[in-house]
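Could you put the whole structure together from the sequences, leaning on the hints where they help?
Protein chains: 2
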Amino acid sequence: MEEQQKGQSLSSLGEFALIEHLTKDFPPLHAETKVGVGDDAAVLQPPEGEQMVVTTDILLEGIHFNLTYTSLVHLGYKSVVVNLSDVYAMNARPTAITVTIGVSQRFRVEQLEDLYKGIRIACREFGVDLVGGDTSASLTGLTISVTAIGFAKPEALCYRSGAKVNELICVTGNLGAAYCGLRILELETRVFAKQPTVQPKLEGYEFVIGRLLRPRPRQDAYQQFAAAGIKPSAMMDISDGLSSELLHICKDSHVGCRIYPERLPIDQETYRVAEELHLDPLFVAMNGGEDYELLFTVPAEYNQKMDDMGVSVIGYTTAYEQGAVLVTSEGKEYTIDAHGWQAFKEESFTENPKEA
Amino acid sequence: MEEQQKGQSLSSLGEFALIEHLTKDFPPLHAETKVGVGDDAAVLQPPEGEQMVVTTDILLEGIHFNLTYTSLVHLGYKSVVVNLSDVYAMNARPTAITVTIGVSQRFRVEQLEDLYKGIRIACREFGVDLVGGDTSASLTGLTISVTAIGFAKPEALCYRSGAKVNELICVTGNLGAAYCGLRILELETRVFAKQPTVQPKLEGYEFVIGRLLRPRPRQDAYQQFAAAGIKPSAMMDISDGLSSELLHICKDSHVGCRIYPERLPIDQETYRVAEELHLDPLFVAMNGGEDYELLFTVPAEYNQKMDDMGVSVIGYTTAYEQGAVLVTSEGKEYTIDAHGWQAFKEESFTENPKEA
Chain A
0 MEEQQKGQSL
10 SSLGEFALIE
20 HLTKDFPPLH
30 AETKVGVGDD
40 AAVLQPPEGE
50 QMVVTTDILL
60 EGIHFNLTYT
70 SLVHLGYKSV
80 VVNLSDVYAM
90 NARPTAITVT
100 IGVSQRFRVE
110 QLEDLYKGIR
120 IACREFGVDL
130 VGGDTSASLT
140 GLTISVTAIG
150 FAKPEALCYR
160 SGAKVNELIC
170 VTGNLGAAYC
180 GLRILELETR
190 VFAKQPTVQP
200 KLEGYEFVIG
210 RLLRPRPRQD
220 AYQQFAAAGI
230 KPSAMMDISD
240 GLSSELLHIC
250 KDSHVGCRIY
260 PERLPIDQET
270 YRVAEELHLD
280 PLFVAMNGGE
290 DYELLFTVPA
300 EYNQKMDDMG
310 VSVIGYTTAY
320 EQGAVLVTSE
330 GKEYTIDAHG
340 WQAFKEESFT
350 ENPKEA
Chain B
0 MEEQQKGQSL
10 SSLGEFALIE
20 HLTKDFPPLH
30 AETKVGVGDD
40 AAVLQPPEGE
50 QMVVTTDILL
60 EGIHFNLTYT
70 SLVHLGYKSV
80 VVNLSDVYAM
90 NARPTAITVT
100 IGVSQRFRVE
110 QLEDLYKGIR
120 IACREFGVDL
130 VGGDTSASLT
140 GLTISVTAIG
150 FAKPEALCYR
160 SGAKVNELIC
170 VTGNLGAAYC
180 GLRILELETR
190 VFAKQPTVQP
200 KLEGYEFVIG
210 RLLRPRPRQD
220 AYQQFAAAGI
230 KPSAMMDISD
240 GLSSELLHIC
250 KDSHVGCRIY
260 PERLPIDQET
270 YRVAEELHLD
280 PLFVAMNGGE
290 DYELLFTVPA
300 EYNQKMDDMG
310 VSVIGYTTAY
320 EQGAVLVTSE
330 GKEYTIDAHG
340 WQAFKEESFT
350 ENPKEA
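As you go down the protein sequences, you meet chains A and B in turn.
Residue numbering for the first sequence follows numbering that gives the first Met the number 0, beginning at 0 and increasing consecutively.
Residue numbering for the second sequence follows numbering that gives the first Met the number 0, beginning at 0 and increasing consecutively.
Keep in mind the hints are simulated off the structure, nothing from the lab.
Warning: the hint list may mix true and false statements.
Note that identical chains are pooled: a pair holds if it fits in a single copy or bridges any two copies.
Unchecked claim - When the alpha-carbon atoms are kept at most 30 Å apart in a straight line, the in silico DSBU-like pairs for lysine-lysine are as follows: (1) K5 <-> K304; (2) K33 <-> K152; (3) K23 <-> K116; (4) K331 <-> K163; (5) K193 <-> K23; (6) K331 <-> K23.
Laid out in structure tokens, this is it:
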């Protein structure tokens, strides 16, 4: 607590001066941004012939982040990119965000400067404008709500509902790392609480922790689709875990799916850390959230192109009546159920997992 | 606490079922709304030739509302209309909102149904679509963050920066009521805490309390401007208090202002309640927030039209160098300063106030 009292108090600045101070380093990047921070509302010029997408996510202290092990720079960055991830998942390009924060008096101006530094890094990296927001006092902790706006030609947009039968099911990057990173940080926090003189041991966990604290939205996949002239038939980002997202696409597209566990992309460090934590790496890849990879479907003829793009084809879509099924290399079948993973866990896939 | 444990727990539904349950009664009203709740992002079709405005506000329990005296239906309604007010203040028409809530386990499904009932009432009354959002657990209390989107022809938009010298300064409706309502409810809450068997005395305070709990954005003024072919040169809504908003317009438009206190519109009940509370009614009208009236400037030739519209002309703009000044009927002048009202209070205007 004492450490947090250093620096300038929020009340010494007042709301308007604080907003002005925090947002002064955000010159508009887009011609579409007509008016940014500082009026009743921001004004954007929608590009002719394009549709607009809008998405919003809230991050609450103690639920989505723990400031014991999350720096405010990382938190600001992450609060932006989780929203950009939703825009890319529509196959649209994000152009603007609004940021609303609720903040208690225990925070100092310098800490909010760090938060906005992370927001600014994300804005510059992905070319989006901060166009507005709201800053408010809160009784407890920190709340960050970000809204992201993007644009796309109507025919380019990808919905969850567009998958057809016998299409490839694909995943960018790799899965399960962020969840392993979270477990490692939670473990070290508990050790630290008991023995404050012991330094946290984070060597060998850089990748999984980095995936949790600094997720990257798949702007590159969005760009590769455009360059290759590919439009996924259905797409969404993986924030809640692959199995949950698969069920969303199956439900909304009225298809089933067959997923091959040995094809799931799992990084070597994720694999090793999961085993250290006595977790089934496959369970982690299927259910760990917050990786912000893209899950999408494409027609079967794109098999080679998917290889070229470096994405993993993890299975294919089937008729709705065939359900959502995991098929092991021995031919065993398990129903995918986001709420019923206990049954799956008992069967244990750890005997014969392969890295994709 | 016991009462709040009645009803269905949030965990019994889960996040996705909860969102689906709460948003099922929101059929899209606008052709522009292509996809609402249920994908990674909502999709809107911007009307051709129009610009988009976007605004966001956060309401936090214990800061912006007290559930001791605020019903969740009213709270849902208010969380929407405070954002619509910002859109009307741009002289634009709102078409869509997103709603993000953080909610602790002490809330029951039935309470969130009430919250969304209020949101639905506001959506229908002002013709906007609920197109997306996010629902999250929170450790403490309730957080509501709403983003509103609207459209207008570029030439119709009103900014804070457009006022010129020698224009009329106008205010819709009346001022100070919401602040008086807040003070009455706080007073009754303290009495109730000490003597729980005493019923709160709210008779005679219906207007001021109603203004706090059920504010109405000035959609009617937006419509009247359009019908009369009037475009305010500058406009904003009065959420933080008239003096604060006047200073915003003066700063952004680089003008000064002269305000006549006897012209400030104050309702009879506001006037009476302010005096009961030993508050200067003028102080309340100048500094009480949350009335959600519109403050705007128009060229002097619109004087008669302002009368016809029922808005109050409270002063006029001057050269920037003349500052922001309050001029009493005796010709005394006081500098308007949102941060320096103690000096103003000491001079006391209660001797000779008139209702506009």
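Is it within, between, both or neither when you check K193 against K23 at 30 Å Cα-Cα? For K193 and K23, the Cα distance exceeds 30 Å both inside one copy (42 Å) and across copies (47 Å).
Classify it for me, K331 with K163: is the Cα-Cα distance of at most 30 Å met within a copy, between copies, both or neither? Within. Shortest intra-copy distance 25 Å satisfies the 30 Å Cα cut-off; inter-copy 77 Å does not.
Identical-chain pair category, K33 with K152, by Cα at 30 Å: Classified as both; 21 Å inside a copy, 13 Å across copies.
With 30 Å as the alpha-carbon cut-off, assign the pair K331 and K23 to within, between, both or neither. For K331 and K23, the Cα distance exceeds 30 Å both inside one copy (59 Å) and across copies (38 Å).
For K23 and K116, with the copy left unspecified, which applies at a CA distance of at most 30 Å: within, between, both, or neither? within (11 Å within a copy, 39 Å between copies)
As a check of your reading, is K5 near K304 (CA-CA no more than 30 Å) within one copy, between copies, both or neither? neither (55 Å within a copy, 55 Å between copies)
The structure fails to meet hints 1, 5, 6 from the earlier list, while all remaining hints are met.
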